[in-house]
Amino acid sequence: LRIKELESGLQITPKDHRLQYQTIVTKHKLNLLEQEGMITKLTAARQIYFEQTNKPGRWLSYKLKKEKEKRLIYQLIDGKGDPQQGIEQKKEIACKYFEDLYKKEEVNEDTIRSYLDKTKDKVIGEEMKEILVKDITWSELKITIENQKNNKILGPDGIPYKAIGEQIGPLMVEVYNEVLLASKMLDSWREALILLIPKEDSDLCFIQNYRP
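Using our numbering, you'd call the opening residue of the sequence shown number 2 and step up by one each time.
Note that these hints are calculated values from the structure, not bench results. Keep in mind it's a predicted model, so treat the numbers as computed, not measured. There may be inaccurate statements among the hints.
Unchecked claim - Subject to a maximum C-alpha distance of 25 Å in a straight line, what follows is the list of computed DSS-like cross-link-like pairs (lysine-lysine): (1) Lys92 <-> Lys200; (2) Lys16 <-> Lys130; (3) Lys81 <-> Lys66; (4) Lys104 <-> Lys119; (5) Lys91 <-> Lys81; (6) Lys92 <-> Lys123; (7) Lys185 <-> Lys130; (8) Lys130 <-> Lys28; (9) Lys92 <-> Lys104; (10) Lys16 <-> Lys135.
Between the sequences and the hints, there should be enough to build the whole structure, so can you do that?
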């Protein structure tokens, strides 16, 4: 219903950038909800198959459960050297460590000005202009996906793009071009789900012995 209202508004005022952006975001959210529903149903079906109809599957499910238990972080040492076992305290320790680790360096304005002074006389050719402004294509996106490392996961669903690239490729191209048109990234693209992987043969009470 919301999409129909926005599309009706665009028919009346097709150049309304605010309506264009709201339509893009609403469509993207709807697509995400549909994908999440499909993934939830698929996961539930696989779980039933493993646990009820397949003995090797039940064994695998048991092994995965044990592996998950091994990865639990029971406690972390805080900045004062005290062990913390509460969930919120452990989250705070992890957040502070990785915020400091990935802190953005301050931008040197003199360096930027120097670079711009050196390049201000350079002109982009017509062919390059055409490449820069044209829509993103599935072939370009496919090359990017193929160049990703195996099992590389770019979202919180835990599904590698290489595994479902052909199925969701057209949807991804549509979303990227809509974002390109609006000249604004979606808020969800600025979020990340960080999983802590323990380093081998290390004291797992210290946050620095985990890698994201």
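Tested hints:
Between Lys92 and Lys200 the CA atoms are separated by roughly 18 Å; this keeps the pair inside 25 Å, and the hint holds. The suggested pairing of Lys16 with Lys130 holds, with an alpha-carbon distance near 23 Å, which does not exceed 25 Å. At roughly 33 Å between alpha-carbon atoms, Lys81 and Lys66 are farther apart than 25 Å, so this suggested pair is violated. A threshold of 25 Å between alpha carbons decides the hint, and for Lys104 with Lys119 the separation of about 29 Å lies outside it, so the pair is violated.
At most 25 Å may separate the alpha-carbon atoms for a hinted pair to count; Lys91 and Lys81 meet this at roughly 13 Å. Straight-line distance between C-alpha atoms of Lys92 and Lys123 comes to about 49 Å, which puts the hinted pair past the 25 Å bound. For the suggested pair Lys185 and Lys130, the alpha carbons sit about 20 Å apart, so the restraint of at most 25 Å is met. About 29 Å separates the Cα atoms of Lys130 and Lys28, which puts this hinted pair outside 25 Å; it is violated.
Taken as a hint, the Lys92 and Lys104 pair is honoured in the structure, with Cα atoms around 18 Å apart against an allowance of 25 Å. Among the hinted pairs, Lys16 with Lys135 is consistent with the structure: their alpha-carbon atoms are about 19 Å apart, no more than 25 Å.
Hints 3, 4, 6 and 8 from the list above are not met by this structure, while the remaining hints are.
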